[in-house]
Amino acid sequence: MAETAGRDDPVLRLSGVRKSYGSGTAAEIEVLHGIDLDLGPGEFAALIGPSGSGKSTLLNLIGLLDRPTAGAVRIAGAETGSLDDGHLTRLRGRAIGFVFQYHYLLPEFTALENVMMPLLAARGRPDVQMRETAAELLAQVGLGPWQHHKSNDLSGGQQQRVAIARALAMQPMLVLADEPSGNLDTQSADAVFDLLRSVNERRGTTFLIVTHDPRLANRCDRIVELVDGRIVSDLANANPVHRQTREQTMQSGAP
Amino acid sequence: MSRLLTFEWIAAVRFMREGLAQTLLIIAGVTLGVAVITFMSALLSGLQANLFRRTLNYQAQIVVLPPEDVARSLRDTGAARSAAVVQPRTQRLHSIDQWQKLRGQIAGLPDVVAIAPVVSGPGLAIRGDANKAISITGFEPESYLRVIALGDKVVAGTANLTASDILIGTDLADDLGARLGDKLRITTATGAAQTLQIAGLFDFGNKGVNARNVYVTLRVAQSLLDVAGGVTSLEINVSDPFIAERVAQTIHARTGLQADSWIRTNEQFFSAISAQTLSNNFIRFFVALTAALGIASVLVVSVVQKSREIGILRAMGTSRGQILRLFLIQGALMGLAGSVCGSLLGFVFLNFWRGIARNPDGTPMFAVNFEPQLFLYAAGGATLVGVLAAMVPARRAARLDPVVAIRG
Ligand SMILES: Nc1ncnc2c1ncn2[C@@H]1O[C@H](COP(=O)(O)OP(=O)(O)OP(=O)(O)O)[C@@H](O)[C@H]1O
Ligand SMILES: [Mg+2]
Chain P
1 MAETAGRDDP VLRLSGVRKS YGSGTAAEIE VLHGIDLDLG PGEFAALIGP SGSGKSTLLN
61 LIGLLDRPTA GAVRIAGAET GSLDDGHLTR LRGRAIGFVF QYHYLLPEFT ALENVMMPLL
121 AARGRPDVQM RETAAELLAQ VGLGPWQHHK SNDLSGGQQQ RVAIARALAM QPMLVLADEP
181 SGNLDTQSAD AVFDLLRSVN ERRGTTFLIV THDPRLANRC DRIVELVDGR IVSDLANANP
241 VHRQTREQTM QSGAP
Chain C
1 MSRLLTFEWI AAVRFMREGL AQTLLIIAGV TLGVAVITFM SALLSGLQAN LFRRTLNYQA
61 QIVVLPPEDV ARSLRDTGAA RSAAVVQPRT QRLHSIDQWQ KLRGQIAGLP DVVAIAPVVS
121 GPGLAIRGDA NKAISITGFE PESYLRVIAL GDKVVAGTAN LTASDILIGT DLADDLGARL
181 GDKLRITTAT GAAQTLQIAG LFDFGNKGVN ARNVYVTLRV AQSLLDVAGG VTSLEINVSD
241 PFIAERVAQT IHARTGLQAD SWIRTNEQFF SAISAQTLSN NFIRFFVALT AALGIASVLV
301 VSVVQKSREI GILRAMGTSR GQILRLFLIQ GALMGLAGSV CGSLLGFVFL NFWRGIARNP
361 DGTPMFAVNF EPQLFLYAAG GATLVGVLAA MVPARRAARL DPVVAIRG
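Line by line, the protein sequences give chains P and C. Here the first sequence is numbered in the numbering used here, starting from 1 and rising by one per residue. Here the second sequence is numbered in the numbering used here, starting from 1 and rising by one per residue.
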């Protein structure tokens with residue numbers, strides 16, 4: 001599949017993606033009705049839309065956790081429809097990072113070990129390099145001193161930052177975040193968003209972030225809106241609100 | 001995280017440690033089950049070994065008789081022997097044709113470790129007014145003592161008989177009021193009679209045998225029973241008592257002689273043993289089943305509890321195979337831990353039992369068999385049971401749809 005992936009291929013290309021639940025039953029219902037979407041390298045995009053519009057469904061398809069009923073999901077030019085579960089899993093592990101609304105760390109492991117986990121699953125055995133990579137990522141999300149705490153001992157915002165570090169462990173080209181700050185207070189939500197933005201700027205990682213918060217959406221470069229399983233608008237945000245501005249807003253006492 | 005362990009092992013151990021109470025409870029359950037199995041198996045095999053020893057003390061593993069010999073009852077129970085005395089046969093005893101040649105032929109068979117020519121038949125022991133029906137066995141000490149460890153059972157005198165000697169049981173000596181060195185007159189239905197000196201007393205720990213069996217040299221028996229130069233049976237030991245029947249069949253096939261293994265002549269005893277073994281196996285099976293169900297149920301619960309984590313692991317690039325192994329390993333570890341603890345506990349039970357189950361004279365009632373293999377089998381078996389028990393929950397975990405799992 002690497003052969004079919006050219007240099008100029010978008011990180012993600014969805015063409016005519018449809019998804020039905022309960023296929024073959026009386027209760028069959030189509031949730032996504034032919035989605036076309038490209039995400040280029042380094043894009044920082046928001047996916048917005050009312051509840052039930054199919055945002056999570058779309059994210060799961062992009063993240064190769066689920067297969068579309070029709071249409072194609074290409075990751076870096078590679079068609080994924082023909083891949084078996086094992087190949088999908090490997091591609092997912094290598095190319096895609098997930099951040100979920102609920103941070104879902106593994107409570108049996110420390111913060112550091114949680115960040116190591118994708119590397120460990122991919123390589124089989126722990127090694128020093130893995131540990132260093134994970135420690136570095138934790139330091140980048142500002143949790144250096146918390147490495148050896150069990151994940152349950154961390155606050156919600158801290159846990160989400162661990163989850164972000166974990167999503168970055170394999171240096172994915174695409175990070176999918178499903179309401180990454182939905183469960184956090186405004187301040188932590190902002191901190192998480194800042195973090196995503198800074199990763200995007202530093203590493204050029206492509207982001208697709210589902211959010212209900214127009215304020216946060218407004219901080220992205222591009223805003224895709226989904227309504228009833230269709231993309232109703234896809235706009236470049238010419239003037240995204242940046243960190244500094246946010247800080248000013250915060251100081252002036254807004255939300 | 002140990003660098004020696006793979007992802008699956010590390011995660012399995014952590015999952016088990018996280019649900020420590022559950023893990024320990026189920027290990028305790030497996031421990032008890034394995035302890036019961038080890039204890040019972042050791043006890044039973046000890047008991048069997050004990051019974052084997054008692055039987056094989058005075059019986060050869062295989063007795064070869066002339067073809068279709070009507071004198072078959074000779075080697076049978078004491079009751080049959082005394083009946084033979086009450087109604088003495090007029091017929092001469094059948095002897096084995098060309099026994100020297102056959103002896104060589106049989107001795108050359110694989111698994112045959114000892115072979116002894118024997119002349120045996122009914123007779124009467126007389127001392128003063130007292131007389132007793134006896135079963136005479138004539139042997140050559142060199143060969144016979146390698147088949148039957150008669151020497152170990154001699155409580156006075158010797159089993160290395162010479163032509164004028166007789167070896168009798170302690171009960172017969174009591175019945176006749178005879179002592180070591182006394183003379184006995186032996187007669188048989190053929191009319192032959194000899195006076196022999198008691199050179200030894202034996203005690204097989206079996207009253208019937210002690211009261212009835214007497215031993216003389218082969219030549220003495222030949223003349224008493226009128227089978228000059230012949231033998232009535234060849235008595236054989238093989239390398240393993242349990243293959244005796246197979247070897248007996250080989251001998252029959254090769255020589256046409258009748259070959260009875262101790263397994264066949266002690267059928268009743270063996271059916272008792274196999275009933276015991278059967279019930280032991282039943283118990284083993286149910287204990288294993290209980291352990292398996294326990295392990296399976298703990299893991300089923302664990303899969304449900306951890307389904308989100310499994311979903312996350314899958315989203316992070318963990319393969320189905322890795323998830324499957326993660327749970328199989330947990331099953332194996334529970335089984336293994338339970339069996340190691342269980343074997344140790346079984347060992348403690350056994351020693352305790354050995355301490356309390358004693359004969360009045362203070363000797364242990366049971367020679368408890370202590371086989372290290374048993375522990376290995378228990379460990380291997382329990383590990384296997386653990387893996388099998390984990391199969392269903394592990395497959396369920398591996399097939400978990402990450403989307404559903406993450407949505408919770
Ligand atoms: N496994 C499923 N089976 C049946 N229907 C489903 C399933 N998952 C989602 N749906 C339906 O698909 C539609 C889209 O759901 P989805 O979770 O993608 O919406 P969403 O945009 O993420 O909503 P929210 O903002 O509330 O998270 C909903 O109507 C939902 O009920
Ligand atoms: Mg959603």
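Because the hints were derived from the structure by calculation, they are not lab data. Note that this is a predicted model, so its numbers are computed, not measured. Note that beta-carbon positions come from the ideal geometry of N, C-alpha and C, so glycine has one too. Mixed in with the good hints there might be a few duds.
Covered stretches of chain P (chain C as the covering partner; in silico rule of three or more C-beta atoms under 8 Å from a C-beta of chain C) [claimed, not checked]:
(1) 78 to 91
(2) 152 to 160
(3) 223 to 236
As a list, the in silico EDC-like pairs of lysine to aspartate or glutamate whose alpha-carbon atoms are at most 20 Å apart [stated by the list, open to error]:
(4) C/Lys183 <-> C/Asp129
(5) P/Lys150 <-> C/Asp97
(6) C/Lys207 <-> C/Asp174
(7) C/Lys101 <-> C/Asp165
(8) C/Lys183 <-> C/Asp165
(9) P/Lys150 <-> C/Glu309
Distance restraint between C/Lys101 and C/Asp165, which requires alpha-carbon spacing of 20 Å or less: 28 Å, violated
8 Å C-beta criterion, at least three residues: is the stretch 223 to 236 of chain P covered by chain C: violated (count 0)
Pairwise hint evaluation, C/Glu309 against P/Lys150, where the allowed Cα distance is 20 Å at most: The given pair, whose Cα atoms are some 15 Å apart, holds under the 20 Å limit.
Proposed proximity, C/Asp174 with C/Lys207 (alpha carbon, max 20 Å): 11 Å, holds
Three-residue Cβ test at 8 Å for the coverage of the stretch 78 to 91 of chain P by chain C: With 4 residues in contact (Cβ-Cβ under 8 Å with chain C), the coverage given for the stretch 78 to 91 of chain P holds.
Pair hint outcome, C/Lys183 versus C/Asp129 [Cα-Cα no greater than 20 Å]: Holds, at about 13 Å.
Coverage assertion for the stretch 152 to 160 of chain P with respect to chain C, Cβ distance below 8 Å, three residues required: violated (count 0)
20 Å Cα cutoff - pair P/Lys150, C/Asp97: Cα-Cα ~88 Å, so violated.
Hinted pair C/Lys183 and C/Asp165, Cα distance within 20 Å: Roughly 9 Å between the alpha carbons, so the hint for C/Lys183 and C/Asp165 holds.
Of the numbered hints given earlier, the model fails hints 2, 3, 5, 7; all others are met.
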